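Q: Sequence:
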Amino acid sequence: LRSRAEWLLAVRSIQPEEKERIGQFVFARDAKAAMAGRLVIRKLVAEKLNIPWNNIRLQRTAKGKPVLAKDSLNPYPNFNFNVSHQGDYAVLAAEPELQVGIDVMKTSFPGRGSIPEFFHIMKRKFTNKEWETIRSFKDEWTQLDMFYRNWALKESFIKAIGVGLGFELQRLEFDISPL
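Numbering-wise, the sequence shown is residues 5 to 183 according to the numbering used here.
I should point out that these hints are in silico values taken from the structure, not numbers from a laboratory.
All of these numbers come straight from a predicted model, not from anything done at the bench.
Check before you lean on any hint, since a few could be wrong.
[As the list claims (entries may be wrong)] List of simulated lysine-lysine pairs, DSSO-like, C-alpha gap at most 30 Å:
| # | residue 1 | residue 2 |
| --- | --- | --- |
| 1 | K52 | K67 |
| 2 | K23 | K142 |
| 3 | K133 | K110 |
| 4 | K129 | K67 |
| 5 | K129 | K52 |
| 6 | K110 | K47 |
| 7 | K67 | K110 |
| 8 | K67 | K127 |
| 9 | K142 | K129 |
| 10 | K47 | K67 |
| 11 | K110 | K74 |
| 12 | K110 | K129 |
[As the list claims (entries may be wrong)] Cβ-Cβ distance ranges computed for the label pairs, FRET-style:
| # | residue 1 | residue 2 | range |
| --- | --- | --- | --- |
| 13 | G27 | P56 | 22 to 28 Å |
| 14 | N82 | R116 | 15 to 21 Å |
| 15 | F31 | E51 | 27 to 33 Å |
| 16 | P79 | F122 | 42 to 48 Å |
| 17 | M126 | A66 | 24 to 30 Å |
| 18 | L43 | E172 | 40 to 46 Å |
| 19 | F29 | E136 | 35 to 41 Å |
| 20 | P120 | P56 | 50 to 56 Å |
Backbone N, C-alpha and C fix where the C-beta goes; we use that ideal spot for every residue, glycine too.
Using the sequences provided together with the hints, build the complete structure.
A: And the structure:
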């Protein structure tokens, strides 16, 4: 979506409620990423489920998870999808029968402050065992990478079950190894 003409075409290609939601973003890059996510979802539904573009109706659950409307021409009543984007990265996962969630995180230094300060702020998001794994590496960059891997797993899970950001992340524990 590099030009105004491309943006206007994209806006005409989505539902009014999607347009309104995207219009609430403060930063243009976030609105563009959200628009790209909506277009990718619609393309997937059109191509894989053979639903004509104009008949695709997306809606949201009470917790905000996007879903294909039940009145759509969907041959898979439990069709599930999820999209995530950050910076230049965007990912989409879909599954005809099972719940699916996905998250993408770029390993980058936190805005202001040091990595230990960032970890202190985020302390309540992980279990003691997860923090032990994250901090088991001498190199702060590797610690940060493990932090984001754990974060993406938790985010993917809560997106899959559709509970929203109010879910207490310490209720989940992932046991992962470094790559």
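Q: The structure should be examined with respect to each hint, and the outcome stated for every one.
A: Structure-based check of each hint:
| no. | hint | in the structure |
| --- | --- | --- |
| 1 | K52 with K67 | holds, 26 Å |
| 2 | K23 with K142 | violated, 46 Å |
| 3 | K133 with K110 | holds, 23 Å |
| 4 | K129 with K67 | holds, 20 Å |
| 5 | K129 with K52 | violated, 37 Å |
| 6 | K110 with K47 | holds, 25 Å |
| 7 | K67 with K110 | holds, 26 Å |
| 8 | K67 with K127 | holds, 25 Å |
| 9 | K142 with K129 | holds, 21 Å |
| 10 | K47 with K67 | holds, 24 Å |
| 11 | K110 with K74 | violated, 34 Å |
| 12 | K110 with K129 | holds, 18 Å |
| 13 | G27 with P56: 22 to 28 Å | holds, 25 Å |
| 14 | N82 with R116: 15 to 21 Å | violated, 43 Å |
| 15 | F31 with E51: 27 to 33 Å | holds, 30 Å |
| 16 | P79 with F122: 42 to 48 Å | holds, 46 Å |
| 17 | M126 with A66: 24 to 30 Å | holds, 27 Å |
| 18 | L43 with E172: 40 to 46 Å | violated, 33 Å |
| 19 | F29 with E136: 35 to 41 Å | holds, 37 Å |
| 20 | P120 with P56: 50 to 56 Å | holds, 53 Å |
Of the numbered hints stated above, those contradicted by the structure are hints 2, 5, 11, 14, 18, listed in ascending order.
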